[in-house]
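Student: Given these sequences and hints, build the entire structure.
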Amino acid sequence: GNSVTQMEGPVTLSEEAFLTINCTYTATGYPSLFWYVQYPGEGLQLLLKATKADDKGSNKGFEATYRKETTSFHLEKGSVQVSDSAVYFCALSVPLLNAGGTSYGKLTFGQGTILTVHP
Amino acid sequence: DGGITQSPKYLFRKEGQNVTLSCEQNLNHDAMYWYRQDPGQGLRLIYYSQIVNDFQKGDIAEGYSVSREKKESFPLTVTSAQKNPTAFYLCASSLRNRNQPQHFGDGTRLSIL
Numbered sequence: 002g003n004s005v006t007q008m009e010g011p012v013t014l015s016e017e018a019f020l021t022i023n024c025t026y027t028a029t030g031y032p033s034l035f036w037y038v039q040y041p042g043e044g045l046q047l048l049l050k051a052t053k054a055d056d057k058g059s060n061k062g063f064e065a066t067y068r069k070e071t072t073s074f075h076l077e078k079g080s081v082q083v084s085d086s087a088v089y090f091c092a093l094s095v096p097l098l099n100a101g102g103t104s105y106g107k108l109t110f111g112q113g114t115i116l117t118v119h120p
Numbered sequence: 088d089g090g091i092t093q094s095p096k097y098l099f100r101k102e103g104q105n106v107t108l109s110c111e112q113n114l115n116h117d118a119m120y121w122y123r124q125d126p127g128q129g130l131r132l133i134y135y136s137q138i139v140n141d142f143q144k145g146d147i148a149e150g151y152s153v154s155r156e157k158k159e160s161f162p163l164t165v166t167s168a169q170k171n172p173t174a175f176y177l178c179a180s181s182l183r184n185r186n187q188p189q190h191f192g193d194g195t196r197l198s199i200l
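These protein sequence lines are chains X and A, in that order. Once you know that position 85 of the first sequence is 86 in our numbering, the rest is easy, because the numbers rise by one and skip nothing. Once you know that position 80 of the second sequence is 167 in our numbering, the rest is easy, because the numbers rise by one and skip nothing.
Don't take each hint at face value.
[Stated by the list, open to error] Mimicking DSSO-like on lysine-lysine, the simulated pairs with C-alpha atoms at most 27 Å apart in a straight line are:
1. X/61 / X/107
2. A/158 / X/107
3. A/157 / X/107
4. A/144 / A/158
5. X/78 / X/61
6. A/144 / A/157
7. A/158 / A/101
8. A/170 / X/57
9. A/101 / X/107
10. X/107 / X/57
11. A/170 / X/107
12. X/57 / X/78
13. A/157 / A/96
[Claimed, not checked] Which chain A residues face chain X? A few, computed with CB under 10 Å, are given here:
14. 91
15. 99
16. 109
17. 128
18. 129
19. 187
Quick caveat, the hints were computed from the structure, so don't treat them as lab data. Glycine included, each C-beta is placed from N, C-alpha and C at the ideal position.
Tutor: As structure tokens, then:
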């Protein structure tokens with residue numbers, strides 16, 4: 002089956018520190034990979050994505066590279082801010098075909114990593 | 088602006104009662120999803136629908152029911168058969184393509200009285 006494993010949190014950093022949140026996956030087929038962010042009391046927002054090997058997704062200073070050889074999609078940011086405090090979810094989507102032949106995907110999520118950034 | 092609207096934001100259920108959570112989207116997405124989130128855990132898929140009048144069970148469908156009579160709407164009913172319904176419920180929608188991200192609502196927090 003498909004699964005996503007994230008590094009356990011919580012992660013606590015000082016402002017301007019370097020961030021890495023590890024994510025590894027197992028999947029049947031060739032997945033697309035996503036990072037989502039959840040702020041307190043809210044739903045999830047897409048942070049970045051990568052759809053094929055060696056793709057690098059980036060957004061708001063965050064980036065992650067799709068590494069097929071290590072089945073990983075680690076999230077990094079060079080200098081975190083207090084406003085980056087949130088829960089981060091790694092997720093994968095594998096192609097499935099419905100009766101009409103259209104490809105669609107179901108997301109499988111990691112357990113989430115809580116990030117707290119102090120001034 | 089297009090988006091997903093979930094209501095209510097907070098909901099309380101009495102023992103033996105069914106409650107319905109609303110989810111509406113104006114993104115013209117074909118696919119819609121319901122997830123359950125428990126503290127310290129990732130999201131678990133309850134039900135999903137790829138097209139109007141069709142839906143499939145996810146990983147934890149027992150004690151829940153859904154309908155998809157309109158493209159824009161995908162309500163979730165938490166039945167009395169769900170013995171541990173206290174959780175944060177998230178609705179999402181997407182285009183029918185594995186490379187397209189899912190867009191999420193702001194969630195409904197359900198508690199037991």
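Student: Check the structure against each numbered hint from earlier and tell me which ones fail, lowest number first.
Tutor: Hints 7, 8, 9, 15, 16 contradicted; others consistent.
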